Amino acid sequence: MSSTKAIEDSLTFLDNLIQSPLDILPHREYAEKLIYLELQGPPEGLPNKVTGALTELASSLSQFDVQNTRVVVLGGGTGLSNIIGGDSRKESWPEDPFSGLKEIFPQTKAVVCVTDDGGSTGELLKDLPFIALGDLRHVLLSSIRKKSLQDRYGLDETECLQVAKVLHQLFNHRFDSHPGSREKLSAAVGFDPALLPEPMYKYLDGLLDLLFTVPGLAKVLSRPHCLGNLLLAAAIWQDAEELRHSGYTAEACQPFRSNDYQGLKHLCRIMALAEDAVMPCSLTPAGLQVLYSNGTLVSGEYKSSHARRGYPVDRLFVSFVEEPKVPDELFKTLKSADIIILAPGSLYTSTIPIFQVPGLAEAVCSNQKALKILVANLWVQKGETDVVREDPKRRFYVSDLIKAYHRNIPGGVKGLFSHVLSLGLQEISGSILQSYAMEDKVPIFLDREKVGAMGFRSIEAGIFSQAALRERNVIQHDPVMLGRAIRTLVAVTALQQKNLSREDHPRMSENLPGSFSMKHALVLKDNLYPCERYTALKKWLKNINIIQDNGSEKISRRLLDILWFHQDILVSHLSNIKAVQIINRAIWSRSQEWDNVYSFYDPVDSTIKICQDVIADNKRFEQAFLVALGQALLGNYAACKEMETLEKRGEAVGKIYRLTVRPPEERNSFFSDQELSNYLKLSRMVRSESNTLQYTRLVNGNEGFTPPGLLFGLIYTWYLDNRFAEHVEYKMAVMRTDISDLIPEQVRIHAMRKALVEFLRHSVFCHSSLIYEEIPV
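My numbering applies: residue 35 is where the sequence shown begins, and numbers increase by one.
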């Protein structure tokens, strides 16, 4: 670390000038006072000598040398790119592209989460066997530095700004349909050789050429995309000998199992960065799985981030298509880092997934010399931090953020960070916070005492953008202010280490909740790359009949979109379906006595049948298809269904529903005999002791009744997306209530609902790994 002599001299001068000089600065902690001074300058109204001395101290802090300080920032998406060099997706970014952490700490490297599956990244995953590229592209552009461009290409300041502008246009250009030709695409983004250094232009021009000439890449141009993602894909393709010589075709997705992403390194060098300036946390495709406290598990980052289950997140998992591989440079980088920063961002989709890659949490913990900082999120995020696991009724605090990290990172948070850097809300007017509250945006509050009791140092600072607040009334992290605050914290830490004994450091609290060891990676049971699954879904749709008077191709595309979006739907769930038929309402003959779903699975001809009335509404169509798909898993399980009136003393008192199932050898079902029996019992059917193929259910008076086939379709749909099955959501609401042993029936119903969810998770969607059942220690 650099010398602190200038800072010490300024502090000594102040001590001689005034007693307890730092007491005149706001905040309570030593580091907070100095950060405030460096960011805001001396308070007004002080004697000139004191103001001058404080100004000198602020100058010493701002000049603290961190040019050779090695920084590693871990995170994903907007949060990571923003603090490194500003959000490079914004239209205004080219106006000030060379600012942020990267300019204050030139030796900054980024470790990027690769579980994204939405937008252009999700479209790429349909066709190419790569990791998620969107966040890598985003961070890569944000990382470019003026001095590096000048040193590599001999550019002046104006030319550097021009390069940043062209790269911004190139990397952020989006199209919804095929761009037509390479020439038209180049013209649309202003890709001019006169505006870029020759080596950079030639390399990027070559990547554009690949996109239009290599069949496996050209295929992706027909989908909505961000051009920067395609350029990164082309770079990886170009440098992957294995892929180029594997006979990859546009018709089949062949797994790409490379030990490295040389194309990403090459692109880093072309952009005047170190080849390991931006690294993926894993070289193996990975997906996100969110387990809620009611037992449901949602797969997919995009889907989980938009889910509104109404239950707290219990745990997060990262699933891999095979045993994950990590870039060799990554472990070396973490080992040698002087500062390790956990970037702000989505709690469950940014930093936590990185630490579920085997070995990365241990690598950070083993570096005991580095200053480790968690930059806390600013806002509560719907579906993630809007419901507290321990108490769903109260708001979310920074201590809850730490608990979530502790619970979901293998081995917990001990050794991952020592300081928590938060935005000082007292520096923002109440009227602005109130206006945010009107938009249902709530800040994550710092509960300093609890955070301290956990063993972490809380640092509150005004690390938000004054310009964004003034011009757009937006509160967000300012990359420059954050970089300056961290530089001051580095200086303060260096000062304190001279006089701080080991006993003075905060110790990890023993009162933190349990954490999970997760000694093994979660590898998907079916071992399919996303593009392999997509190919299998397309093959299934090609082999079945879509029966409709007109527009069968459009129905096929809609079904493909539904199946792709719900990643928990297994390809094997489709095995009992030979056709999907859209039926005109005039000839719709199915009784709607029990439901208004207007779809069903007909085991006679193995066809999903949907009433034409619902296809105009995307939501109703998706609901109808999913309900029938769920029924298809039962197959032809039912040999006979009967409803018999029950009379007592000549008066009808109810009905008895009698179901006779086929013998196992005649059954065409997704479930084993035992699994089918388990489900029927959970649906409150009673198995006959004298005939094991017969089940009954009593219905009181004229009460409604949901037959087990329809019920299964509904709960299958509810598990995938609770918005589509309000009937089931209502029944499952008992799991939200506090259970009292005063009412045994409530306890029994709660246990049955829990068992039903477990049946869905284990037997239907096959999430049966022991990792899901691990007990915290």
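It should be emphasised that the hints constitute simulated quantities derived from the structure, not laboratory data. Don't take every hint at face value.
Below 20 Å or equal to it, Euclidean Cα-Cα: the simulated EDC-like pairs (lysine to aspartate or glutamate) are [to be verified]:
#1 Lys180 x Asp310
#2 Lys337 x Asp602
#3 Lys180 x Glu129
#4 Lys448 x Glu396
#5 Lys67 x Asp49
Just so you know, these numbers come straight off a predicted model, no measurement behind them.
Holds or violated: Lys448 and Glu396, Cα atoms, limit 20 Å. Holds, because 10 Å separates the two Cα atoms, which is no more than 20 Å.
Between Lys67 and Asp49, is the straight-line Cα distance small enough, at 20 Å or below? Between Lys67 and Asp49 the Cα gap is close to 15 Å, so the pair holds against 20 Å.
Hey, Lys180 versus Glu129, does the alpha-carbon distance stay inside 20 Å? holds, 13 Å
Hint check: Lys337 vs Asp602, CA-CA at most 20 Å. Holds or violated? Roughly 11 Å separates the two Cα atoms, so the pair holds.
Check the hint pairing Lys180 with Asp310 against an upper bound of 20 Å on the C-alpha distance. Given pair Lys180, Asp310 holds - Cα atoms ~18 Å apart, limit 20 Å.
Violated hints are absent here; each numbered hint is respected by the structure.
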